[in-house]
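Q: The two chains are supplied separately, each in an independent frame; assemble them into the complex guided by the hints.
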Amino acid sequence: MSDNSLDNMAGKVFEIPEAEFEKLATALDLRRLRPSQQAASIAMLAQIRPRLRLIRPPRRLTPMRLFCIPFEDLLYNPNTPRKALGQIPRSALQPIWKETEALLGEAGLAPVRDAIKTVDSTDEAAVHAAGRPLWRAAHTALKGLSAGAAAEKGGRAKLQERLGGPEVLASLEDIVMALAIAGPITAMRRNLPPPPISDINKEALGHVVDALTKTAAIDREGLPMLVFSLMARLASPAMLPKLIERLIDEGAGDLIKAMGGQVGEAVASQQEDRIIDVRAEAEEKKEEDPVQVARALGKELKTLEREAKAAAGGGRGVARQIERVKAELGRLARETVVAGAAPKAVAAIDALDAPPDNEGTNRDRFRAVEDQIVSLRLCKQYAGDIGLSGEIDTAMKTIGAKLDARSDDLLKRLHANDATVSSVDLFCTVRLVELAEGSEKADRLREKGMAALRDD
Amino acid sequence: MTQAQSTPASGGEESAGHLNTKYWPATFEERGVVVPFTTPMLAFARARSDGKGGLEIIVPGLSGGSGVYIIGWSGAREVFRMTVHDRAFHDMIETRKAATPREMRRCANEIALTGLTGPDGIDAAEKAIEQEDNERLLTNYYLVNSVVRTLASSDVNLSVAELSSPAGQKKVRGIMAGIASDLSISSERLYADIETWSDLIAPIGIASMPHECRLRRLLTRLKAFRMNVSAWGRNSNADPDGLAFLTADVALLTLDIGEALMGEVDDHANDLKQALAAWKTVGPEITDRMNRISWLLDGWEHVLGLWDSVLEAPIYEQVEALEEIVRMLPLVPTKELESQKGKAWGDLENAMRKFVKPLQNWQSGDTDIELQLRIERRRASAMSE
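Protein chains in written order, with the working numbering: chain A, 174 to 629; chain B, 14 to 398.
Treat each hint with caution, since some may be false.
[Unchecked claim] For lysine-lysine, the following DSS-like pairs were computed, each having C-alpha atoms within a straight-line distance of at most 27 Å:
no.: 1; chain 1: A; residue 1: 459; chain 2: A; residue 2: 575
no.: 2; chain 1: A; residue 1: 621; chain 2: B; residue 2: 110
no.: 3; chain 1: A; residue 1: 185; chain 2: B; residue 2: 140
no.: 4; chain 1: B; residue 1: 236; chain 2: A; residue 2: 185
no.: 5; chain 1: A; residue 1: 430; chain 2: A; residue 2: 415
no.: 6; chain 1: A; residue 1: 553; chain 2: A; residue 2: 499
no.: 7; chain 1: A; residue 1: 621; chain 2: A; residue 2: 575
no.: 8; chain 1: A; residue 1: 415; chain 2: A; residue 2: 475
no.: 9; chain 1: A; residue 1: 458; chain 2: A; residue 2: 472
no.: 10; chain 1: A; residue 1: 196; chain 2: B; residue 2: 236
no.: 11; chain 1: A; residue 1: 575; chain 2: A; residue 2: 517
It is worth saying that the hints were derived from the structure and are not from the lab.
Isolated chain B, as found in the complex (with noise of 0.2 Å):
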């Protein structure tokens, strides 16, 4: 592997890497997305388009200096001894050219399905499937109960069984069939935009659900993470380099944009009427919000797991905890920030030069197999959380 200073992202050599020392990713396609290996080495890499049709991984810190190192996709196998998971994962993610947030997270169900990190992995894999079935199922629901109530003509409010009758669902038929005539749309085609609208939103599901979604959920656990952190940071006594606050601050950033973000999708359905009958416009702009917010959390549910998992640790395992979440930190890219230009972000990024620390021993021979299991439990926490 070979090491440059500041060169640019997309130019990296084929199989070896590249030192990178900009921090703060302009677009979420250049800060790639989370790849849950469970090579201790990888842990938490990402993976981004090279831009030639291939795949790069980007491994922070990973040899003494602070940056970033870039590897061209396949060189990573030669350069990392993998696990066998990762191997089979690494592979998978090559032939599906997998490079967002959705398509990771199917990659990396499927292959922990296979049983490649044992049976917890498997569990886990099929608890999230299954978890992201039941919210696209109550998503619908409610999309559909909202639409009813709202738009019909007259009072109705259906049941999760009255839906699921037959005679219920000739009832709704007629509803849908008086709501698409004043919407001047066919029924069909407004059974289909509500269909394809509550499998955009939901991994964020309608702010009325009395269950919040994966996404939704994630917020509010980012919300709780930024107060507890900070918390520790002021009564520790363990963080004279300010690693919490720094840590805070991304966080508070990235809930001040997600919350703006989920805030329009969930206008939407406070508009029921405006939305359906502009589908056209609304569907690729929830397309574009639901993409964003999902590229915006994509990583913080491993380091919540991360902190989780040392709150009621002794403080030398928190301090280690938080030195590796700020190495894994997930930037909001600065082409997000556009509508953040009054807030002082930008020492942030001096901050993160400063204390991000290099992995250690990178190229030592066996695998500690604490830290891997480690990883793997938190990397099957944060796919089923």
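The shape of chain A in the complex, shown without the other chains (with noise of 0.2 Å):
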């Protein structure tokens, strides 16, 4: 199926009349609890996914869904297997929810199905009421895990192994956290604006605080945990600093204290980790497609500006971490879009004459170089922040120096009556100069074409 196709039918999933949707919904994660169904459920689940965040439809609750409340906050999605402090992947759900399953036995998880058959999934207190026996229960039962894990010589690499790897243990660890202080998290949360909360008043801050207070009281390791669950809700991590000031004047500032760098570690570590997947993502496209790698590169730059500023508090090992990021994001743009630009570009302007081959259109051939200039000044918006102004605009020179001699040939060759060049060839040029050298000298280029076109 062509990549049109699945756009047509994607787009066609954002018409289905909202009651049928969430239907469609309900019917896809009822066929997912079904093992043989699971799979295509959740591939069609994924597919209606950009919709299913418009419309919110009211999910069915599961013993699973359930269990995960307390920290669904964090839950993110890499694309290898890892985790970032302060975020937990949806990978290590399976394996953790099945040693819970196994350690609560039927007997403990009886009562669960019981319990959600009646709850309405809509109503969020009743869902955590709920919650609550499970929560203890697997608190209990996971940190029995952990802990007899620990007290073996040798327990915690076999833990690790049967759960599938460093990442699913250290989830586990966050996850047990969460668990621990699972009352403070989900009053917090019922008191909150819902996500993404672009303000937090005083009687919202007044409800953060006693979650502070709260959580203390429980275990105070866990006052980062309740952090990192605000501040995935925040509409951005730009807003902590401020939120934490504030939280210090209203009397937190012992407990604020008492949670060290660990919020701006977590802001570092979260863009740290983030990293590696643009990175891969630079590494497979830079040839087929640098435009789109150089736009992913200055989106993370933007995020990374965000985040450098949320995570000013936090020291000057974070604010070398964020330094280190920046760097790499520098070195990414440098091998995967700044680096050959110019050759390329030169290489596929001198293409644009050679005969037709199989290779491709002359369409594609004016893409290509096309391709090369946009991503270099794409990269240009943000080359000061990476030290890479001096070689796009060398590589910006030897494009245009390139582009120029194309011009005069072209006109001459419009002059003479050549009838191998067409107004397509004229204008298609005139675009690339314009993209590499600016509108006006394009302009003049069109002109003086035009004018040799008039003359034939």
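A: Okay, here's the thing in structure tokens:
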């Protein structure tokens, strides 16, 4: 099936009436519980996820979904097995839930299944009330599992192997902590506006202080987990420093201090973690789609800037970590976009006049030149931040000189009534000159070209 | 460029501009037709007649005020640093005096075919032209088939293959001659009227067609957009000003009027005998409805394209897109609202006045390449959708 057909199908998902769409989501949720249909249902749910994000239909409550509620804000989908500080990879859920099921047994799970049968999944307070016994039992069981493994020689390594990797074991520790403080986390969530939170008023701030205090009473080690959950719900992590200042003003300074620099470290860790996927994607796409790579790196840099502000309180270590990420982005941009762009563009410009072959159409050839220039232009927008301005300027000059030569040649051939030159050649070259050197110069070429065409 | 408050829309200075705080146009002609420029500051500005044989350009929320700037057509070249595509496009529109959606679409495709928006622009324009040709052919086929099936004295159902074979065409000519005779008109007249009819309605096709033609499809997409943007407003917690509901309201108003107009056109295809017998009055009526549909929907393809492009984006990009959408919302002119008197649309104008965010930094130097490319992509997808 072509990309276009897939796009059309994806577009149709948005045309299904809302009530029908809710039924579809419920049906897929149900099928996901049947092992034979699980894979297909998950794939289909992934396809309709953008619409699910918009509509947010009530999802069928399952024991596993109930189990995940205290830490659901921390879930993310890295492309490789790994874990960032303050986040839990979704891939860790199945192995940990399997352990939980085995530890709780039928006797422990039956009351949970009974409880969720009668709960209205849209009633947050009722769902949380139904979850409390499960969270308590799961916390005790998983904490026992972790402690047992730690007490035994080589036990953690064995547990790690059974779970499927270090990132799952680390996630287990986070989940144990989140379950321990499930009460304050879920209460704070109920009392705050739904995400993305763009403003926390005085009343909401009071609820955060209350949650911090209750968490500290359960386990002070749980304080960062509570803040990570809050952080995941904010419209921008850049809100954090101000929020922390306000929490200190509200008398929570002692609790904030107890967290050390963990919040700033989490921001930096999450940024570094994301770079792993960005790097892999850049390496994969640098040949076929340099524009996409340049765009993705630019987006990442913007996010980094926002997050650098958020990590401002994290100390020199965090600042250094963020600088390292920035340098890594610069290196990636240099290696995947900037280096080689000028020779590639020059070769592609030369190829514009080559005889037709089976490699692609004339339009594909223009597209190849355009992609190199556009990727450089996109990089130029953030080149100053990553020390690439000079290299990009040099590359653009080389491309500009080549385009000048082509423009002169085209005009000569147009004046000489060369039948192998078309108006599309002229205007596509005008377009390239515009992208490389601006609209004024390009328009002069257009006017000269049109005059030459009129002379014919 | 100069500014003036609430000056008459058509009384602007020649090349300078003026600010008009009036948001609600009375007629489609006053609203103007969307010009798919690629210069970011001019993206989806509107063009309209200046009432003196020339054109003027309307740019919303340009420099800090809530309102629209109205600039004489030739003055736009002096005020804005345009992309090369836009300079050529600007010249073409001026030469052709293109001030209707159909003419603007033709100019936009022609200029894209030159290559000034690159190979992707050429591809999109070719696709758009091919699609229009196919829809015209398909509509003609379905209309002829409906006429033959409904009005022929015996049961006939023609396949495309039959219609294109000499024997099939001969058979059709015979059947059509019989129908023409029943309608007391000549066969030539019948052929000509059906051809005119199918050309007129090709942008929406016939309701019974398995393929949705461009403007019918746009209405379907608009319905979905209204539903989804409302859901986003309810669920996102990122729309304290209610921009999503405002947008959904304008979409609903457009849908109400658009579906009624399309229904009227479809009704004629359901009563072929009467329509063909009274073609002299029915033809102009269909022309009027089709013109109004194309004016009514003008600009929405760009709105839908913008929203589609952020469906999977982070929430802050969706908020930015919605702010841009509100700035370019195609408001239904007051004259079209006469049939909607029972509905409380009056508040909409106040809401628009309150929420339209001005474009900032419009005179800043360099073109934002990312923004320009985004506009070009949106333009290409809107033309070929």
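Q: Does each hint hold? Answer for all of them.
A: Hint-by-hint comparison with the structure:
1. 459/A / 575/A: 23 Å, holds
2. 621/A / 110/B: Roughly 25 Å separates the two Cα atoms, so the pair holds.
3. 185/A / 140/B: 20 Å, holds
4. 236/B / 185/A: 12 Å, holds
5. 430/A / 415/A: 15 Å, holds
6. 553/A / 499/A: Holds - the C-alpha atoms of residue 499/A and residue 553/A are around 15 Å apart, at most 27 Å.
7. 621/A / 575/A: OK: residue 621/A and residue 575/A at ~18 Å, within 27 Å.
8. 415/A / 475/A: Holds, at roughly 20 Å.
9. 458/A / 472/A: 16 Å, holds
10. 196/A / 236/B: 20 Å, holds
11. 575/A / 517/A: Holds, at roughly 12 Å.
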